[in-house]
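Protein chains: 2
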Amino acid sequence: MKVAIIGKGNLGSHLHNALQPTCDMQWYGREFPTTIDADIVIVSVSDDATLKVISDVHAPFVVHTAGAVAMANLERTGVFYPLFSFTKEAVVQWKDIPFLLECSREEDMPVLEEITRLIGARAFHITSEQRTKLHAAAVMVNNFTNHLYTLAKEHCQHYDLPFEVLHAIMRQGPDKAIALGPKTAQTGPARRGDDRTIKHHLEQIQDPTTKALYELLSENIKKRYEL
Amino acid sequence: MKVAIIGKGNLGSHLHNALQPTCDMQWYGREFPTTIDADIVIVSVSDDATLKVISDVHAPFVVHTAGAVAMANLERTGVFYPLFSFTKEAVVQWKDIPFLLECSREEDMPVLEEITRLIGARAFHITSEQRTKLHAAAVMVNNFTNHLYTLAKEHCQHYDLPFEVLHAIMRQGPDKAIALGPKTAQTGPARRGDDRTIKHHLEQIQDPTTKALYELLSENIKKRYEL
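These protein sequences, in sequence, are chains A and B.
Going by this note's numbering, the residue at position 187 of the first sequence is 222; the numbering climbs one at a time, nothing skipped.
Going by this note's numbering, the residue at position 49 of the second sequence is 84; the numbering climbs one at a time, nothing skipped.
Treat the hints as calculated values from the structure; they're not laboratory data.
One thing to keep in mind: the hints can contain errors.
Copies of one chain are not kept apart here, so a pair can be met inside one copy or by any two copies together.
Derived DSSO-like pairs: lysine-lysine, alpha-carbon spacing no greater than 30 angstroms straight-line [unchecked claim]: (1) 87 / 123; (2) 218 / 43; (3) 123 / 257; (4) 130 / 43.
What you are looking at is a predicted structure, and each value in this text was computed from that prediction instead of being measured.
If we strip away everything but chain A, and leave its shape as in the complex, we get:
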């Protein structure tokens, strides 16, 4: 397959490396020809620049990798979005990474699926509308959980306690939730209805915001499990 990638950033580089062994590649940075001869052009630039680049390039089939950007309004276009947070140095385990695929013409879907297969990743057919809904869920499981780590770390620092003793259960959390389902995996004082421990913890938490969140989340868990 003839593949062109526009974008030499983090994701662009990872995609280029992954497709290099099996595809006839073209790879462009800020400078790219306006007309590109390829089966697919993958635009992997910043969110803000995405639609501009797509409108500048002329090619049979142009897709982008920006999760927060809706599919372009073109005859043959699509979205090729890996739902993952890429870092430059880390080795990417492609087999674990889901690609959310969308295209304006159903006939182009096999191209997206084939590329996903060549990378060794997993393909999911997701419309732009579904993608924004998944994005809200991604914020919950990623951004909000990370914020709880921040609050917990600050709590530890306040009492001069080593945050690293929590690393093991932090790492274990997603694995357990995925293996058992999060509802079954739920544990803790709120799940048990252990109000004494909750009260005790609230007395120890100094930061008012953290305290409010502790209280709301505990109430929420209790309600959900009808305690």
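Using the hints provided, position chain B relative to the given structure of chain A.
Leaving out everything else, chain B in the frame of chain A:
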């Protein structure tokens, strides 16, 4: 070293297996002799039964493994608490697991450290008072994050979207937070001050509780990063 374990549950079994190769072991379930000849007796029973078993057994040095139970009021006693959630089938990676150690006599600490070393785990000196503070932080990084997974899964189910596309970033979350520190690792619309996306997400979230949490956590993140 002569080690006795009381308790044939999940943790008791894992500890027994780990110490078996290097220690002179005794292992008891519900029936145990009132007098035990060992360098250390590890009581690994349910939280509720812990203090009762400790008061029933006569041995030079008796410790327990219950994170939520304060150290017993005895002359030579202690706490030997692995901060981790053990499951029967899973293979335990001891080297990642922190043991929170405490004892009434400073002279007994080397025994607890030696056992931790024999298991291949990491030792931390933590008093009962510090332990309850760490417990509050553990609730945040483990129980509350798991609850967010539950809410995100329900959100996906409501829209008939595959929750599994989120598995990869769920698994990545703790690793990134540990590698970079959670404050640096924070991303997402609230971190960027992207109010349009937040508003959009809030419109899509059906469950009122999830909506309230989304709002509070977003506000909280924005405030923390002075947006």
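query = So which of those numbered hints doesn't the model satisfy?
reply = none
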